[in-house]
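Trainee: Sequence:
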Amino acid sequence: MQVITSKEYNKFKSSNTCLAIGAFDGLHKGHQLIINQAIKEARKNNYPAAVLSFHPHPLEIIAGKTPPPSIVSRRQKISILENMGVDYYFEQEFNQKFAQLSPEEFIKEILLDKIKVKTIVVGDDFRFSYKNEGNVEILKEMGELHNYQAKIISQLHASDDRISSTRIRSLLKKGKIKKAEKLLGRPYQLCGEVIHGKKRGRKLGFPTANLNLETNYALPPEGVYAVQVQYKGQVYAGAANLGYNPTFNNQEISFEVYILDFKGDLYNQRLCVDLIEFIRGEKDFAAKEELIEQMEQDILYTRKLLC
Numbered sequence: 001m002q003v004i005t006s007k008e009y010n011k012f013k014s015s016n017t018c019l020a021i022g023a024f025d026g027l028h029k030g031h032q033l034i035i036n037q038a039i040k041e042a043r044k045n046n047y048p049a050a051v052l053s054f055h056p057h058p059l060e061i062i063a064g065k066t067p068p069p070s071i072v073s074r075r076q077k078i079s080i081l082e083n084m085g086v087d088y089y090f091e092q093e094f095n096q097k098f099a100q101l102s103p104e105e106f107i108k109e110i111l112l113d114k115i116k117v118k119t120i121v122v123g124d125d126f127r128f129s130y131k132n133e134g135n136v137e138i139l140k141e142m143g144e145l146h147n148y149q150a151k152i153i154s155q156l157h158a159s160d161d162r163i164s165s166t167r168i169r170s171l172l173k174k175g176k177i178k179k180a181e182k183l184l185g186r187p188y189q190l191c192g193e194v195i196h197g198k199k200r201g202r203k204l205g206f207p208t209a210n211l212n213l214e215t216n217y218a219l220p221p222e223g224v225y226a227v228q229v230q231y232k233g234q235v236y237a238g239a240a241n242l243g244y245n246p247t248f249n250n251q252e253i254s255f256e257v258y259i260l261d262f263k264g265d266l267y268n269q270r271l272c273v274d275l276i277e278f279i280r281g282e283k284d285f286a287a288k289e290e291l292i293e294q295m296e297q298d299i300l301y302t303r304k305l306l307c
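Heads up: the sequence shown is residues 1 to 307, going by the UniProt record's numbering.
Hints may contain errors.
As the list claims (entries may be wrong) - Computed Cβ-Cβ distance ranges for the label pairs, DEER-style:
1) A158 to K288: 37 to 47 Å
2) K174 to N132: 51 to 61 Å
3) N16 to K140: 14 to 24 Å
To be clear, the hints were calculated from the coordinates, so they are not data collected in a lab.
Positions of the beta carbon are idealized from the N, C-alpha and C atoms, including for glycine.
Please put together the full structure from these sequences, using the hints given.
Mentor: Structure follows, in structure tokens:
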């Protein structure tokens with residue numbers, strides 16, 4: 001998959017693009033439905049399959065707004081789209097100039113002149129351009145004028161409610177990671193670079209990888225989780241602690257992973273960690289021996305669950 005930022009749109013030389021458009025801030029099953037429809041149309045006609053999305057999050061640019069925590073990082077987003085079979089990812093820089101475009105300008109100057117769309121696929125709640133004045137009806141009307149097809153996909157529902165990134169964030173906050181996984185179509189995953197920590201785990205006999213998370217993730221409740229660690233094409237079972245380590249009075253939240261049956265130096269390496277099951281909440285242990293005993297129990301449970 002080729003990633004093309006808005007500053008590089010002139011590098012795109014193909015035409016008849018089948019394009020899915022959206023924020024796709026969760027790449028959940030609802031988003032996947034839209035993107036897969038664009039891929040299906042592309043393959044049927046031997047056209048390029050593409051996705052257009054936005055970076056940074058529009059709410060980072062709009063005054064007085066705060067973007068929600070992320071479900072996927074930019075790097076995860078690109079990886080997931082590539083694995084889905086997308087040929088081109090167009091990343092539109094969301095800035096004040098772009099935010100001022102009218103619906104007609106966005107369609108003419110970007111979708112037609114630069115990306116050369118033949119088919120556009122969006123969700124039925126898609127809004128775009130200045131003050132969200134653009135909608136699916138305008139997309140259809142402009143399609144009739146400019147000879148492209150607009151396909152509108154009805155929102156996907158689960159348990160009688162719409163699948164949305166907002167709903168997934170709410171589930172994660174409540175600790176319902178299995179329900180979030182069902183709506184995502186994959187385990188919830190946190191990625192980051194391994195950095196030097198306080199090395200307390202090593203002193204206790206359980207060396208952990210301390211991750212500097214690569215985006216402001218939507219986080220589930222603090223506690224210990226059974227996880228699967230993705231590293232260099234291999235999958236390892238592990239136990240992770242998300243929280244403040246009350247036994248040691250940490251002031252900042254941390255995410256530390258003990259990888260079962262792994263030996264090696266992981267500093268400065270990128271790990272992606274799938275949250276599989278919540279084991280227990282954080283505890284304040286009176287003695288180091290109590291903490292070690294509990295960690296042994298956590299690891300034993302994880303081994304039975306995942307190995």
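Trainee: Hint by hint, say whether it matches the structure.
Mentor: Going through the hints against the structure:
1. A158 to K288: 37 to 47 Å: Once the Cβ atoms are compared, 45 Å apart, the range 37 to 47 Å for K288 and A158 holds.
2. K174 to N132: 51 to 61 Å: violated, 29 Å
3. N16 to K140: 14 to 24 Å: Taking Cβ atoms as reference, N16 and K140 lie about 19 Å apart, which means the hint holds.
Of the numbered hints given earlier, the model fails hint 2 alone.
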